[in-house]
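Protein chains in written order, with our numbering: chain R, 1 to 282; chain B, 1001 to 1329; chain G, 2001 to 2396.
Quick caveat, the hints were computed from the structure, so don't treat them as lab data.
Treat the hints with care, since some could be wrong.
Distance condition first, Cα-Cα at most 25 Å in a straight line; then the derived DSS-like pairs of lysine-lysine [claimed, not checked]: (1) R:LYS94 - G:LYS2389; (2) R:LYS166 - G:LYS2145; (3) R:LYS94 - G:LYS2100; (4) R:LYS133 - R:LYS189.
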Amino acid sequence: MKKLITILAATVFAASAFAGNITVKGSDTLLILAQKWAETYMTSNTTVKISVSGGGSGIGFAALQSQTTDLCDASRKIKPAEQMKCAAVFEGGKRPTEYKVALDGLSVYVNPENSLKELSVAQVGDIFTGKIKNWKEVGGPDAPITVYSRENSSGTYEFFKEHVLKGKDFAASAQTMPGTAAIVQAVVKDKNGIGYGGAAYGGSSKLLAIKKTDTSPAIAPTEETVMNGTYPIWRHLFVYVDPAKDKGDIAAYLTWIRSDDGQKYVKDVGYYPLPKNLRSGN
Amino acid sequence: MNTLTPSEYLPEKTSDTTRLTRHFRAEKFDFWSFFFSGLTGLATLFILGILATILLNIIVNGWSAISWHFVSTIPKKDFFDANTTGVLPMIVGTSFRVIVMTIFVIPVGVITAIYLTEYAANTSIITRIIRAAVNNLAGVPSIVFGLFGLGFFINFIGKNMDALLHNPTAVWGQPALIWASLTLAVMTLPVVIVATEESLKAIPPGLREASLALGATKLETILKIVLPQALPGIMTGGILAVSRAAGEVAPILFTGVAYYMASLPAHLSDQFMDLGYHIFVLSTQSPNIEQTRPILYATVLVLLMLTFALNIVAILIRARVRKKLRALG
Amino acid sequence: MTPNPNNESRRSHGWMGIHRGHKARPGEWLAEKFIFLVSLSAILMVLLIFLFVAREALPVFFGQTNTALVQKPIPPDEMDKHSAAELEAYLEITPDQLAKLPKSTLRTMMDIKVEAQNDIPEDFRNDPDASINTTEWKYLIAPHKWTDYDKPEYIWQPVGQIKKFNIIPLIVGTLKVTLIGLLFAVPLAVGAAIYVSQLARPRVREILKPAIELLSGIPSVVVGFFALLVMATVLQSIFHYQTRLNAFVAGLALGFAVIPVIFSIAEDALTSVPRAYTQAALALGASRWQTAWQIVLPAALPGVFAAAVLGFGRAIGETMIVLMVCSASVLSWSVFDSARSITTTIAAEMAEAVSGGPHYRILFMLGALLFAATFVSNMIGDFVIHRFKNKLEGKR
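Can you build the whole structure from these sequences, using the hints too?
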């Protein structure tokens, strides 16, 4: 018992001695990018120490409201319930400040042998909700469609559900895969398969061109089309911060992430840099 | 014949003597006996075959990917990249949490076992409840331990500690190494209790009686005579608990494990990376499955070497203790 | 590794008879009380586990969670017109928080509420499902005809505008995977137990037993990894089914994990059948197999049954294997479809659930359910073993 108390006491003091650093926590989607930013920033700003950890956007927001992290990486927008909890603890009842830090284009993968080249957003939605069950209904071969989806805890799943399925449920027959790579692998093996995920992770699957409406032109997911917003399925990736903490080292770091310099690293990990007008210093 | 007839010894069917004689007429070669014995033998072989397949698959694929660089490197940028990654933080994290767990679980487990074997009357209600609780604890699903750790250690103990210590931000009311270790300690408590009890029972009662007869008190007898004798058993319990805990992932998911940490855990309130969880991450979250495969196998091999080495040691010690126990019985 | 409750030593509490006289020593007495108190920790832990898992789930049981998408917003200006209790429920805060938070903060929170209502897409505002509190028991257990569905269905889709928390697909998924695992593991493990305890020569037994028990030393995350990378591919090429990761693969992998549990307990039960039984049967001219099958197995049947029950408890609680191998929440009894177990659901969704929100509460409720299920199966298993051992020892 005595031992326990000494250990606990020692740790309390040790833990509180680290106040000056920046801690980043949240989405695993953003983790590699956040790590890259932190590494690069620390090499030129040696006085700052940044520690990055993941767990999920939900974990990040929970840490933001318990004030155990300075920055929260998120692959989705903050939810009202989380906003309220933050407001309840933040100085002056402020809400967390939202910064857009990168773009992610989500592409629709099919088997390379599939003759289909393009689909409209509505058609993609109907396929994933199970309304369209055969490829011939969208101009492909006469074969049943196998739908591959993500685990419902992933931000990609939620975004796809809200923006492509328009909030409707995924088909009950959809196969749940643990990650984007598993979806790609499955689609490459299954000639009737369809899946979704980051545009950069398509591997040897075929990425469909997407039409915003039935009449608009089909756009292939490329850096240019995602950045200028013509490719219709894309999302922002965010960093949230307590406005009271958004000064000094933290503000400088956030500005750097969103600058031309910081945005250089976004492409290395498969996302797309912010358009010029959203960057800092413009 | 007499030993077979009492109805409380055997189910009704087999106490029927006519049935017995009909079935047990001696035969030279009974095909069905041979066939069914063969089947059970095959079942045994099949299980061993599975075990061997898993182990060989992992050793063959893992051995070529494992290197000193791999086990001694802290991954700095992208841990899916086979060339630069390493598992040092995971090895440290897993070891750290297991060591902290041992500090808590061994004393409690050993004292409980002492109570059960040395003090308690076997028939008393309280002993039976303790035993039932120990059995139940052994059967609680590991994910429920995870929920318990989150609900009790983090949300209740941790948050209240923060309030008491007036921490401006949460230090204890969040996932941390200490909470993961404590959760695992609760989970492995039955392992330690059972192993210790077994070894305590293997000690000849004559030793205790001799000590008492010489005027030692009961506590002195336990501390100076019984415990030293039971040490191998206690060690087995500890090792089994460690090997069980080292491979568990579900209880630490919400209580302390981190997907990624840039530095090694240094404090009890830090989060940590973990071998088992890292295997889960590598096998499900990798952006390129083929590229990650070698490091995945290597990580699995590291974890297996850790748990198996511990298991084999425990089995060896236990075999010795059992032999001793049998010699007594 | 299940502790054996009945290893009651042949030596009853013999030498304890002396200890009465030591009560005169206060130190000794204190130590004894301390040891007693510590030994209660196992009971305490079981109680705490139940209490704290249930505590987090309480709002679901009492119907205090509300997931209705469309709620009548309270305009921030009318804050004072509402009672404290109404505001607490509306803002999901404790009375303590309500008293401490400044007016301006409360106002911000109410603004957020109003904005959230304004942000609801038009399609959903008029959807009859949007005013449903999906955490009511009715929706958790019974099927419901949701908009866009042809008939009432059981649906677990906890993320999205309208959150559907029907737990039936998860229960079916859990049972499906568990039963496949047991159908695979019980015959193998019991067969091996018969072989090792009855038929094998002692020297062989000394090697086989620890070797099989070594299987329990493989962490479940490693079994899951093996199933995901190797077994799934091999089995698919043998059976040619559509879905690569399905309940069949998960069930077999789960079987690997429970074989050592069932084996150990069954082997223990078979070994504890008195030697006189076998000797008598052999003396009558029965073969080894006949003795094992007709004398030892029937006598040990309760123990073997208990082994299967305890194996069941272990299998429904197994997390990592099912999490890695399959996870779609389809309500289907087909072996080659995917399945989502309760454990998988908790492990996968807790990290993204809003802490303290309805989803979080329901995951804890599932945990409590799981705890209750394993508690019951453990109790049955232990009870049966207890009876069985007493019977063998001639106690009633």
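Okay, the hints, checked on the actual structure:
A hinted pair counts as satisfied when its Cα atoms are at most 25 Å apart, and LYS94 of chain R with LYS2389 of chain G does not qualify at roughly 66 Å. For a cut-off of 25 Å, the pair hint linking LYS166 of chain R to LYS2145 of chain G stands: about 19 Å separates their Cα positions. A threshold of 25 Å between alpha carbons decides the hint, and for LYS94 of chain R with LYS2100 of chain G the separation of about 16 Å falls inside it, so the pair holds. Note on LYS133 of chain R and LYS189 of chain R: the hinted pairing holds, with a Cα-Cα distance of about 19 Å set against a maximum of 25 Å.
Violated hints amount to a single one, hint 1; each of the other numbered hints is respected by the structure.
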